[in-house]
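There are 2 protein chains.
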Amino acid sequence: MRRHLALLEQALDAFVAPGAPPDLAAAMRYGVLGGGKRLRALLVLAGQQCVAAATPDGLAGQELALRAGCAVELIHAYSLIHDDMPCMDNDVLRRGKPTVHVQFGEAAALLAGDAMQALAFELLTPGAVEHDGEPAGPHSTMDAALVIQARLCATLARAAGPCGMAGGQAIDLAHVGKPMAADALRRMHRLKTGALLQASVVLGAQCVPQASAQALTALSQYGSAIGLAFQVVDDVLDATADSATLGKTAGKDAADEKPTYVSLMGVEAAQAYAGQLHAEALAALAASGLADTRLLGGLADLVVRRRH
Amino acid sequence: MRRHLALLEQALDAFVAPGAPPDLAAAMRYGVLGGGKRLRALLVLAGQQCVAAATPDGLAGQELALRAGCAVELIHAYSLIHDDMPCMDNDVLRRGKPTVHVQFGEAAALLAGDAMQALAFELLTPGAVEHDGEPAGPHSTMDAALVIQARLCATLARAAGPCGMAGGQAIDLAHVGKPMAADALRRMHRLKTGALLQASVVLGAQCVPQASAQALTALSQYGSAIGLAFQVVDDVLDATADSATLGKTAGKDAADEKPTYVSLMGVEAAQAYAGQLHAEALAALAASGLADTRLLGGLADLVVRRRH
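Order-wise, the sequence lines are chains A and B. Heads up: the first sequence begins at 1 in my numbering, then just goes up one per residue. Heads up: the second sequence begins at 1 in my numbering, then just goes up one per residue.
What the hints contain is simulated information worked out from the structure, not anything from laboratory work. Treat each hint with caution, since some may be false.
To be verified - Covered stretches of chain B (in silico footprint by chain A; criterion: 3 or more residues with CB under 8 Å from a CB of chain A, positions within the stretch not fixed): (1) 15-25; (2) 85-99; (3) 121-128; (4) 156-164; (5) 257-263.
From the three backbone atoms N, C-alpha and C, an ideal C-beta is built for every residue, glycine too.
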């Protein structure tokens with residue numbers, strides 16, 4: 001996992017954003033480099049590795065998975081930049097640093113986020129444009145790569161869009177100061193944070209063209225379970241941890257009267273629910289038909305047992 | 001062209017955005033439906049049609065071109081929504097209607113724009129996700145479709161991203177109240193409006209897998225010329241037309257001391273430059289090797305001879 005993190009930081013540094021106007025590149029780099037758990041990208045890389053291990057050379061899709069990992073981090077980072085803006089959550093600090101709009105101005109933050117979303121899709125489609133005008137043979141290696149790229153773009157677009165992350169944020173926005181039923185809360189979180197976490201694992205598996213239907217279905221179920229678990233644990237930590245451990249203000253949900261799993265079911269039941277989702281995630285891995293899923297198992301443990 | 005416009009409005013109405021939370025869908029629909037010249041989408045459809053006419057059945061890529069047309073309109077519309085926000089241009093009216101943030105609030109406008117960008121890539125990749133887990137045969141029709149989809153995603157992402165539209169907006173932002181040399185002005189416009197206009201024609205051609213390298217190169221040159229012509233004409237109209245004809249405040253560029261082609265070279269030279277770019281566009285069509293490029297020729301006329 002440490003090797004994966006190092007590769008990711010190096011790739012993000014290289015990909016964001018050569019050739020862009022310097023002011024824009026600076027805001028984008030500030031927003032995405034040097035910070036964050038990189039959980040989503042680690043899920044991409046672990047998904048790819050668990051599936052690729054079952055292929056003859058064991059390396060299938062590695063390079064593309066690194067790009068896909070950077071792509072999901074760009075989507076996540078852009079959503080944080082826009083979320084922090086005054087018209088949304090109006091946060092001035094993130095990970096102890098001034099937020100992007102505080103550092104670069106609101107207009108630059110808006111543009112940096114917009115550019116990051118487009119760059120995510122650029123990263124998923126290397127070589128597809130350069131190849132224009134010189135059509136490869138109908139069954140070429142390049143064509144095989146483009147088939148994978150289209151699947152990745154489809155998965156990321158759906159996870160980020162109106163029926164994914166952006167949709168979840170809209171549900172959140174529509175319920176500010178209003179009560180929320182358990183069903184609506186679950187739907188909001190499934191979209192707002194769950195969709196991208198789930199997509200991350202699927203993207204990793206999709207980088208390996210030999211991935212079996214059984215493995216893809218199982219990894220998607222794993223992703224769904226840990227996506228929900230991530231949010232349940234977030235709610236529990238907000239209610240039980242202190243601000244110093246958390247690195248952000250604790251008890252903010254209750255103070256804001258935000259509906260959470262804790263407010264719906266209490267701390268103990270929420271903890272039990274997180275444990276149940278963790279078990280579901282591991283069960284999905286066991287049913288995947290993949291020989292070695294330890295990396296994904298380790299990430300599931302990390303999501304549920306984290307202290308901040 | 002009238003038939004294309006009707007098809008487009010119908011497709012946008014259908015694609016934006018079933019399944020999304022209702023508040024989000026309402027803001028997205030308000031931002032993209034019922035207004036605009038649809039120049040970009042018409043370029044996609046005309047590009048596809050001019051290339052497809054050279055294929056045996058003459059219908060290649062029609063369905064996908066309609067989706068790609070909607071995708072570029074979504075990108076264009078999201079950029080206007082974000083541009084109109086208080087932290088950017090702070091415009092309260094567009095095409096005589098309150099702008100999205102005035103009608104729905106700033107947070108909703110921000111989210112609607114974000115969701116529209118992701119939806120654009122969703123529209124370009126139909127069937128790619130549904131197909132997961134049931135890998136098609138290596139040389140299947142589905143695979144051939146995905147190869148095209150990857151190229152479309154690559155082209156749209158580059159045109160919208162940090163080295164395309166978003167990059168051009170960043171250059172614009174960095175030069176507020178500062179003088180701008182002719183080179184910088186040209187680069188800004190090539191990115192800010194030119195990249196998406198050029199990409200539109202290319203996207204249309206890319207929908208037709210049989211497109212020749214010669215045709216793709218020529219259509220890309222055509223797109224580059226009319227993309228620049230579009231901006232030169234915009235500057236001339238701002239300096240010469242009255243507000244009533246223009247449908248927006250005339251003389252705004254000079255009042256804002258914005259660098260334009262008119263401020264750089266004067267009205268007459270700018271008009272002559274637009275004429276020269278128009279001729280370049282037509283010359284590219286003549287060199288395309290395509291039998292019938294009247295639709296694209298007509299759009300070039302429209303761009304240069306428009307009165308508003």
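Hints, one by one, checked against the model:
1. A count of 7 residues in the segment 15-25 of chain B with a Cβ less than 8 Å from any Cβ of chain A is obtained; the coverage claim is therefore met, three being the minimum.
2. Note: the segment 85-99 of chain B has 3 residues with beta-carbon separation from chain A under 8 Å; the three-residue rule is met and the coverage holds.
3. Only when three residues or more bring their CB closer than 8 Å to a CB of chain A does the claim for the segment 121-128 of chain B stand; here the count is 5, and the claim holds.
4. With a threshold of 8 Å between beta carbons, the proposed coverage of the segment 156-164 of chain B by chain A holds, since 8 of its residues qualify and at least three are required.
5. Given a C-beta distance limit of less than 8 Å, the hint that chain A covers the segment 257-263 of chain B is violated, as 0 residues qualify and 3 are needed.
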